[in-house]
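Starting from the structure of chain L, add chain X where the hints point.
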Amino acid sequence: MGRGIVAPGEARLGKARGLSHSIAKGDFAMADTAPDFDQQELRDFTEQAKAWFQENTPREVDFMLPLTFMEVGTDQQFDFLRDWQNKVYEAGYLGAHWPREYGGGGHHRAFQDAATKIMAQERTPIMLNAIGLNWTGPLLIDRGSEAEKQSYIKGILSAETIWCQGFSEPEHGSDLGNAQTRAVRDGDDYVINGSKIWTTQGNYADYMILLARTNPDAENKYKGLSFFLAPMKNDGVETVPIRKLTGEYGFTQTFFTDARIPADCLMGQEGEGWLIAMQTLEYERGARSGQAGGHVMMMADPTDILGLAREAKLNGKPAIEDPAVQEELVALMTEARALGLNSRRDKIQPLAQDRPMSLALGSKLASTDFYQRLNAFAISLQGTRAAYYVGDDSAHDNGIWQRGYLNSFSATIGGGTSQIQRNIIGEHVLGLPKS
Amino acid sequence: MSASNATSDWARATPRIGLSEEQAQLLEVAEAFCRDKSPIDKVRALIDDETGFDAALWQEIAELGWLGIGVPENYGGIGLGMGELVPLVEHMGRHLMNTPFMATVLATQALVRGGSEAQKEEYLPQLAAGAAASLALCEDHADWNLENLTATASRENGKLVLSGKKYLVLHAASAAMVLASVALDGQPALVILPAAALGGRMTREKIIDDTQRAYALDLDGLTLDEAHMLPMDMTADALAHIEQAASLLLAADMCGGAFACIDVTLDYLKTRKQFGKLIGSYQSLKHTMVDAHQAYEKARSHLYSAAHVFGEQGEGEMAVHMAKAEAAEAFSFAADRAIQFHGGFGFTYDCDAQLYRRRAIMGCALHGDARYHRRKIAALMF
Chain L
9 MGRGIVAPGE ARLGKARGLS HSIAKGDFAM ADTAPDFDQQ ELRDFTEQAK
59 AWFQENTPRE VDFMLPLTFM EVGTDQQFDF LRDWQNKVYE AGYLGAHWPR
109 EYGGGGHHRA FQDAATKIMA QERTPIMLNA IGLNWTGPLL IDRGSEAEKQ
159 SYIKGILSAE TIWCQGFSEP EHGSDLGNAQ TRAVRDGDDY VINGSKIWTT
209 QGNYADYMIL LARTNPDAEN KYKGLSFFLA PMKNDGVETV PIRKLTGEYG
259 FTQTFFTDAR IPADCLMGQE GEGWLIAMQT LEYERGARSG QAGGHVMMMA
309 DPTDILGLAR EAKLNGKPAI EDPAVQEELV ALMTEARALG LNSRRDKIQP
359 LAQDRPMSLA LGSKLASTDF YQRLNAFAIS LQGTRAAYYV GDDSAHDNGI
409 WQRGYLNSFS ATIGGGTSQI QRNIIGEHVL GLPKS
Chain X
3 MSASNATSDW ARATPRIGLS EEQAQLLEVA EAFCRDKSPI DKVRALIDDE
53 TGFDAALWQE IAELGWLGIG VPENYGGIGL GMGELVPLVE HMGRHLMNTP
103 FMATVLATQA LVRGGSEAQK EEYLPQLAAG AAASLALCED HADWNLENLT
153 ATASRENGKL VLSGKKYLVL HAASAAMVLA SVALDGQPAL VILPAAALGG
203 RMTREKIIDD TQRAYALDLD GLTLDEAHML PMDMTADALA HIEQAASLLL
253 AADMCGGAFA CIDVTLDYLK TRKQFGKLIG SYQSLKHTMV DAHQAYEKAR
303 SHLYSAAHVF GEQGEGEMAV HMAKAEAAEA FSFAADRAIQ FHGGFGFTYD
353 CDAQLYRRRA IMGCALHGDA RYHRRKIAAL MF
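Quick mapping for you: the protein sequence lines, in order, are chains L and X.
The opening position of the first sequence corresponds to residue 9 in my numbering, with each subsequent residue numbered one higher.
The opening position of the second sequence corresponds to residue 3 in my numbering, with each subsequent residue numbered one higher.
Straight line, CA to CA, 27 Å or less: simulated BS3-like cross-link-like pairs of lysine-lysine: (1) L:K157 to L:K95; (2) L:K442 to X:K275; (3) X:K279 to L:K229; (4) L:K95 to L:K162; (5) X:K208 to X:K44; (6) L:K125 to L:K58; (7) X:K279 to L:K442; (8) L:K355 to L:K125; (9) L:K442 to X:K272.
If you're looking for bench data, these hints aren't it; they were derived computationally from the structure.
All of these numbers come straight from a predicted model, not from anything done at the bench.
Okay, chain L solo, but in the shape it has when bound (with noise of 0.2 Å):
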């Protein structure tokens, strides 16, 4: 203090010579900590990224491709999708910072973030193994075992083995702390009984991180449950196909009968189930760090919209001449960069500080709700091209906000609705009774 204001009650300072030249008004003066690594070296990486995404993203694919991790329908699609992670992981673009010693590349995390950007603004296809990497990788270097690590973290990277989630139950959706599916140990093994819903890739999964009741008889039905890292291709288990609004697939129901697993696919302990899927949530709910990296949703960028507007014809003029229009458009751009300066003011800890983890927990909410919004507009500038949907000659951009739209609920659904995302900030961020 002292160095150009003062705080009441101190003497008032006379000027203060050469104070504002002091400090470098750079960006985020205060955003990032000292990096400790070579910038030199983040520089050169992210360069030699920038010519790989170039030179090796396959532009010319004569099928449709998922925009998200939850949509991949076809085995034309899941292979081609496994392939190109895997390419994308031996060229070191994907868990660029986990460690060395279980497959990473073990460099600062910035490495991976970089090569993360380039691959949305190159529009890459999407990473294929979501949920290993983002989710089952992150949770297994914080707290699993030694021999869980060097298990399971490479296979997650080089999309060798694909993980699935085993939370919600077809009577239990948001109702999480609720699940029903049995495991009870018998000797060496847990016998497991019971379905789960809305399993993502639960076709093609290897593993499940797997949320069952092993005691229910427990003080509370949360103490009763416990977590599995629990093979897919085990006898007893079977998939189904869900088909989406959409028309595609992506999902399955998953159902267990006395599917039998190794008893060390326990994680932790008996009873810790809740913790650890309330841990895992985070780093679904984007709430908490460690993600491999990589982009798992195509996500229509603020840019498209605007082609959109220039290309659209409305009332026989282009869409974006209209005032009306204009207006709802500029309100969309404003709210898109809103997510993005909510996420860097995050790391300005005096501006992130009146409401902890405000920010943070705020995320989903925002941006699902508003790629909603910002493809129900688009759809909007179409006219009667608006009726027209994927393989239909007549329609936009083949339909790819009709079909974006639909698909946007996956997002304002899953993960805890958006319902439940306003009791958890009404509640964790602004402090109300619990409804």
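Coordinates of chain X only, in the frame set by chain L:
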């Protein structure tokens, strides 16, 4: 073509935000200062005060050096930028603190940007030291465009003779000088009106925000030396700067207001019971509060981004328009719901919710609401 490419580039670029060491210090100082000096009962007591502010508090603000923040060092100031004023005004907004601070700072900026060397030497040190000042920009046509001027100046016998009326001149009765915008030969001009020239020309206006003070000024026949006019070749630029600076500070004030009225409402929802339950447990209220809070967080990110890039051509302007539009909407929504969620008490003058809602309307009325600023962005973008 190039304009649209520029827009695409802008949209694709990582948005910038940051906090200087000075901003961080000021944030901390302002938080404590405004909390201590502007408790709500004091805000309410000042509603009945003719000047509407506490002269001793104004003196303290001057002694803290805050009025010199945006004044270059060679004119007695500290030589920081508009961005450093944002944390101060934000916390004044949080506590509904009302003084001639914003009016004075903006009048000061008009001189910094549009004044002659002699004018800057004469006036800026006084302003940095605590003389209050104000801007007379608004007219009966109610247009936000600062260059739409019907008040005029004309040259007669080597003097300037003014005519017309100006409105919404904040704290004019407490100001040592007022800078008024007039048209001279069809071109915008800014003239300095010393307090002595304003005797009998001021009428207090009844404005929606009872915590603020505004006056109408009758300029008819007011005669000044030419030396009171700012150099006309710099006036258009000065007016553009005023609009940007005012929008930034009003965005800060409204962000502060949004935070505070959300806070006040949350307190009520956590203590008021109906049907045997705390009303904050009902999802219709809880979820709406979350929406209000999320809108506030977005507005605050835009605010500190605008503070960070203020003054940069293109990006800086766009950021300020976004900040004002978002703050205006976030504050208006939060304050509107604040009244509603206080139920019957919300309908009374005693409930503070109305203070915030009125301040939000005032903040939109000055220098443009959300729609106005979005139109400005559209003009820059498309």
